[in-house]
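Residue numbers (the working numbering), protein chains in the order written: chain A, 232 to 509; chain B, 370 to 672; chain C, 59 to 433.
No lab work stands behind these hints: they were computed from the structure. This structure is a prediction, so every number in the text was calculated from the model and none was measured. Some hints here could point you the wrong way.
[To be verified] If you want a taste of the chain B side facing chain C, the calculated C-beta under 7 Å gives, among others: (1) Ile417; (2) Phe429; (3) Ile448; (4) Phe449; (5) Gly450; (6) Ala466; (7) Gly513; (8) Glu515; (9) Tyr537; (10) Ala623; (11) Leu631; (12) Phe633; (13) Gly634; (14) Ala635.
[Said to hold, decoys possible] Derived lysine to any residue pairs resembling SDA-like cross-links, with alpha carbons at most 20 Å apart: (15) B:Lys392 with A:Trp409; (16) B:Lys392 with A:Phe462; (17) C:Lys165 with B:Trp458; (18) C:Lys368 with A:Phe462; (19) B:Lys530 with A:Trp409; (20) B:Lys530 with C:Lys368; (21) B:Lys392 with A:Glu391.
[Claimed, not checked] Listing some non-contacts, in silico: residues in chain B with all C-beta distances to chain C over 12 Å: (22) Phe423; (23) Thr451; (24) Ser568; (25) Leu616; (26) Arg666.
Using N, Cα and C, we set each Cβ at its ideal position, and we do this for glycine too.
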Amino acid sequence: MRSGSYITRPNRTLQIYACVFLVVLYVPVLFIPLFSFNDSIYVRFPLQGFTTNWYVDLMGRDAVWDAMWNSVRVGVCVAVISTVLGVLTARAITRNRIPGQNAVVAFVMLPLVIPGIIFGVALLVLLSRLGIPLSLYTVALGHLIVCMPFSVATLLPRFEGMDGSMEEASADLGENGWWTFWRVTFPIVLPGIVASLLLTFIVSFDEFIMAFFLSSTETTLPIYIWSQLRFPREFPSVLALSSIILTVSFVLVFIALWIGRTGLIEKDHPRPPEAPKS
Amino acid sequence: MTAAPARHIRARGGLHGALHRSKAFRGYALLSPALVVLFVGVVVPFLILLMMSFWTRQGFDFDTTMTTLNYARAVDEPIFGTFLLRSFWVSGIATVATVLLCYPMAYYVAFHVHRNKMLWIILITLPFWTSYLLRVFAWRVILGYEGVINASLLSMGFIEKPLAFLLYSQTAVIITLAHAWAAFAILPLYVSLEKIDRSLLEAAADLGDGPVRRFLRVTLPLSLPGVIAATFLIFIPTTGDYITPALLGGPDGAMIGNLIQLQFGAVNNWPMGAALSIILTLWIAAIALVFVFLTRRAERVVA
Amino acid sequence: MDITDNLAAVRRKKLSRRAFNRTLLSAGVGMVATPLIGTRQVVAQETEQGTIFTWGGYDVGELYTSYEAANGALPNFAIFGGTEEALTKMRGGFTPDIAHPCNAGLKRWVDTGMFQPIDTSRLSNWGDVIPELVAMDGNDAGDGQPWLAPFDWGGTSITYRTDLFELEEEESWDMLWDKRYAGQLGSLASGGDAWWCGAIKAGVPFGEIATDEAFEKISAAMREQRPLIRVYTDDTTTLEQALSSGEMAAAMTWNSSAVALASEGIPVRFARPKEGALTWVCGLMVHKDAPNLDKAYEIIDSLLSVEAGKFMINDYGYGHSNAKSFDQFDAQTLVGLGLSKDPGDILSAGHFMIPQSQEWETRMNETFEMIKAGF
Numbered sequence: 232m233r234s235g236s237y238i239t240r241p242n243r244t245l246q247i248y249a250c251v252f253l254v255v256l257y258v259p260v261l262f263i264p265l266f267s268f269n270d271s272i273y274v275r276f277p278l279q280g281f282t283t284n285w286y287v288d289l290m291g292r293d294a295v296w297d298a299m300w301n302s303v304r305v306g307v308c309v310a311v312i313s314t315v316l317g318v319l320t321a322r323a324i325t326r327n328r329i330p331g332q333n334a335v336v337a338f339v340m341l342p343l344v345i346p347g348i349i350f351g352v353a354l355l356v357l358l359s360r361l362g363i364p365l366s367l368y369t370v371a372l373g374h375l376i377v378c379m380p381f382s383v384a385t386l387l388p389r390f391e392g393m394d395g396s397m398e399e400a401s402a403d404l405g406e407n408g409w410w411t412f413w414r415v416t417f418p419i420v421l422p423g424i425v426a427s428l429l430l431t432f433i434v435s436f437d438e439f440i441m442a443f444f445l446s447s448t449e450t451t452l453p454i455y456i457w458s459q460l461r462f463p464r465e466f467p468s469v470l471a472l473s474s475i476i477l478t479v480s481f482v483l484v485f486i487a488l489w490i491g492r493t494g495l496i497e498k499d500h501p502r503p504p505e506a507p508k509s
Numbered sequence: 370m371t372a373a374p375a376r377h378i379r380a381r382g383g384l385h386g387a388l389h390r391s392k393a394f395r396g397y398a399l400l401s402p403a404l405v406v407l408f409v410g411v412v413v414p415f416l417i418l419l420m421m422s423f424w425t426r427q428g429f430d431f432d433t434t435m436t437t438l439n440y441a442r443a444v445d446e447p448i449f450g451t452f453l454l455r456s457f458w459v460s461g462i463a464t465v466a467t468v469l470l471c472y473p474m475a476y477y478v479a480f481h482v483h484r485n486k487m488l489w490i491i492l493i494t495l496p497f498w499t500s501y502l503l504r505v506f507a508w509r510v511i512l513g514y515e516g517v518i519n520a521s522l523l524s525m526g527f528i529e530k531p532l533a534f535l536l537y538s539q540t541a542v543i544i545t546l547a548h549a550w551a552a553f554a555i556l557p558l559y560v561s562l563e564k565i566d567r568s569l570l571e572a573a574a575d576l577g578d579g580p581v582r583r584f585l586r587v588t589l590p591l592s593l594p595g596v597i598a599a600t601f602l603i604f605i606p607t608t609g610d611y612i613t614p615a616l617l618g619g620p621d622g623a624m625i626g627n628l629i630q631l632q633f634g635a636v637n638n639w640p641m642g643a644a645l646s647i648i649l650t651l652w653i654a655a656i657a658l659v660f661v662f663l664t665r666r667a668e669r670v671v672a
Numbered sequence: 059m060d061i062t063d064n065l066a067a068v069r070r071k072k073l074s075r076r077a078f079n080r081t082l083l084s085a086g087v088g089m090v091a092t093p094l095i096g097t098r099q100v101v102a103q104e105t106e107q108g109t110i111f112t113w114g115g116y117d118v119g120e121l122y123t124s125y126e127a128a129n130g131a132l133p134n135f136a137i138f139g140g141t142e143e144a145l146t147k148m149r150g151g152f153t154p155d156i157a158h159p160c161n162a163g164l165k166r167w168v169d170t171g172m173f174q175p176i177d178t179s180r181l182s183n184w185g186d187v188i189p190e191l192v193a194m195d196g197n198d199a200g201d202g203q204p205w206l207a208p209f210d211w212g213g214t215s216i217t218y219r220t221d222l223f224e225l226e227e228e229e230s231w232d233m234l235w236d237k238r239y240a241g242q243l244g245s246l247a248s249g250g251d252a253w254w255c256g257a258i259k260a261g262v263p264f265g266e267i268a269t270d271e272a273f274e275k276i277s278a279a280m281r282e283q284r285p286l287i288r289v290y291t292d293d294t295t296t297l298e299q300a301l302s303s304g305e306m307a308a309a310m311t312w313n314s315s316a317v318a319l320a321s322e323g324i325p326v327r328f329a330r331p332k333e334g335a336l337t338w339v340c341g342l343m344v345h346k347d348a349p350n351l352d353k354a355y356e357i358i359d360s361l362l363s364v365e366a367g368k369f370m371i372n373d374y375g376y377g378h379s380n381a382k383s384f385d386q387f388d389a390q391t392l393v394g395l396g397l398s399k400d401p402g403d404i405l406s407a408g409h410f411m412i413p414q415s416q417e418w419e420t421r422m423n424e425t426f427e428m429i430k431a432g433f
């Protein structure tokens, strides 16, 4: 009993560390809402006075909202597709022992190494030679390439060392491949899938150099923000928008928490009840 | 990932061979969508890049005679080597710092959080839903000459003059990179720690291992795939990053990514930029191989 | 399947995880399909309007009143953050109707062969355009047609904090070389601004800027300045932020920055250096394969109108190419914006950069980058 309780026993030092970590993670980000209420176009101390003008200003700017909506659409598509491709790739590599898999992995990882501008230009040249017009699709294609490494790198460790015997048992029971995957593999790799969805969404939502080269007249949010740097007076509205994004994501998380209470999220990680302390 | 254990399969005849072939075929079938995307998006552009690196610039066109001139320049002119070295230094420190700082956090979530783990994970990634450019501006407020850190150090009497090196320096780049890439370290670390079978730890405890020994003998080796993934996910892209150095690096903070970007922009020498990218890729591949080799060795020594 | 129903079902533990996952999956498929539907509609609409490739901030209705009146909609906007990346994107095959470069890059943009001369007879506002702005070097495409229709212009000089920067004598480019303020000076990063200012400081006449001797002189000046500079940056927001917080005492900026800072109550002045400031002009160029040529001319005409000019001067603090735009303001307001009732005054006091060849640009940028990097 002693050992079991030791592993899961609350560790004071770690708890404090986790809190400090979260604070450090959040402090820079919380400056954004703070300055979005500041009555100055400049981000600096001391604060000048409270205003909600930037929010009012933001409401009337269709371009910003369009850009944000575009970013969300591209981000969700890219997150879903690259995670699906990541699952297929990770599974193929870990379970099917295919020849040439190291080369495949190397090529998946390649876009990480090369600055985005180069893949952006190269893809643009390729697309215009093929006569494919630029659109949000081409942006999504670019982002897919940038996001694949993140999804594969998150999923591979999860698939690796996964106990194959459960899948085999399921197969022995006469279940077909897809069913086995859905019932057995999927729940086991779910944390990896969630991690991959989150990472790839973040990457796509914040990427702008590929998006710049591969977008036509529909811009994404990061391009919009980048291009606004010539006009500092537009800047506080961008701060306001980011604060809204931050708030909305918090609300979403609390909804998730609410669902989570019922045990939906818990069920994915069945854990034996804690052993009493000795 | 190159970290995947290499599997050597001896080709055998008969039933086993057929089985193996069909497995490989199924593997390729699973891979095929990813392969199509990779081919269009990565392989073809990379080949274009490779070709271009042997060309030379001629006005706005290219002289397509093959030459290694660009590579010779990259070796001969000290600016390229210096920038490359500086990039590895800056992103190396940022990577090590991020992974070290994030490991305990991932460990905490994996082993000490029992309810709503996913909530924690999402909570950690939330700050990154705001634009990176805006986070950079926030860091300027914190690190600036009259920023939060300097103001509080001054008021507490620790320093007499604001610390100028905090902003527009390599320090600023490292701090910002470490903060910006935290989620990219925590997620892979968490995913691999989460997977560890608790009974192994109990077994180690039963064998009389103390907490430190248990960590070194069981937890750390088993979480190494996550550590490797996190290290790569941060080190590789930060080496080629050019936005952070451009915004926060100041005159001494520029990195190889800035130089490459300039070749495609103002300097307008695409072939030179292509050559520099290829060189960067080769270097990173070499470093990655050495790193994997070393971690394998370490893994074996520990285990 | 209704999401709220599902959430409630989950809460009542009626819905199995699998069913919930299936919902999620279908939601995912739905989301993936959304851009498909959205984009198709937009494309169908888009082909009817002209497309202008410009900075964010130029995509506001006030600048396109006559276009909007004629077409019932605004033009399409493709936006960039810098002209260099814009040129790179167009070289990669992106084809807008109009792009918005500046005079420093004029010759290079023309040399790419991607643009067509502007038929000024198709522009109703052309007669009011300030002639000095059209008569830039390298702007003559033959037959009296220009490559670039000037639109916005202004000065590059030193913006300094009057409370932090103590003037020794009169205002001069030496201010950005002042060792007393080492680490508190800022500069624009692009050679298009900085190198030319260096030439003024080094006393190199612009006509001789391509000689080896000029390169040596300017390089020496830039090397001398480099240790004093806190940051080289391409965006004016960064410089303005730094000036407003007191991080910098003086920086090379455009006149609009000084206007913006002063309007926030920060004690700054836009210097009129004794050697003369640098004048920049940005304008509109027509792509040779412009898909909507007629619309392109309508966009340009709209931008050259007095209404657009009034907005540019009043809201952005930039000069406008239409001489009549300046009649909308009294002399005092214009001086406050760093402009003048007679734009010719400012133009003749400043130095116009002379567009150079690509060879020169490449050499200059390489040299300047080496210097910035400390070599």
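Hints, verified against the model:
no., hint, result
1, Ile417, "violated, 12 Å"
2, Phe429, "holds, 5 Å"
3, Ile448, "holds, 5 Å"
4, Phe449, "violated, 10 Å"
5, Gly450, "violated, 11 Å"
6, Ala466, "violated, 24 Å"
7, Gly513, "holds, 5 Å"
8, Glu515, "holds, 6 Å"
9, Tyr537, "holds, 5 Å"
10, Ala623, "holds, 6 Å"
11, Leu631, "holds, 6 Å"
12, Phe633, "holds, 6 Å"
13, Gly634, "holds, 4 Å"
14, Ala635, "holds, 4 Å"
15, B:Lys392 with A:Trp409, "holds, 15 Å"
16, B:Lys392 with A:Phe462, "violated, 58 Å"
17, C:Lys165 with B:Trp458, "violated, 40 Å"
18, C:Lys368 with A:Phe462, "holds, 17 Å"
19, B:Lys530 with A:Trp409, "violated, 66 Å"
20, B:Lys530 with C:Lys368, "violated, 46 Å"
21, B:Lys392 with A:Glu391, "holds, 17 Å"
22, Phe423, "holds, 19 Å"
23, Thr451, "violated, 8 Å"
24, Ser568, "holds, 25 Å"
25, Leu616, "violated, 7 Å"
26, Arg666, "holds, 37 Å"
Consistency note: the structure conflicts with the earlier hints numbered 1, 4, 5, 6, 16, 17, 19, 20, 23, 25.
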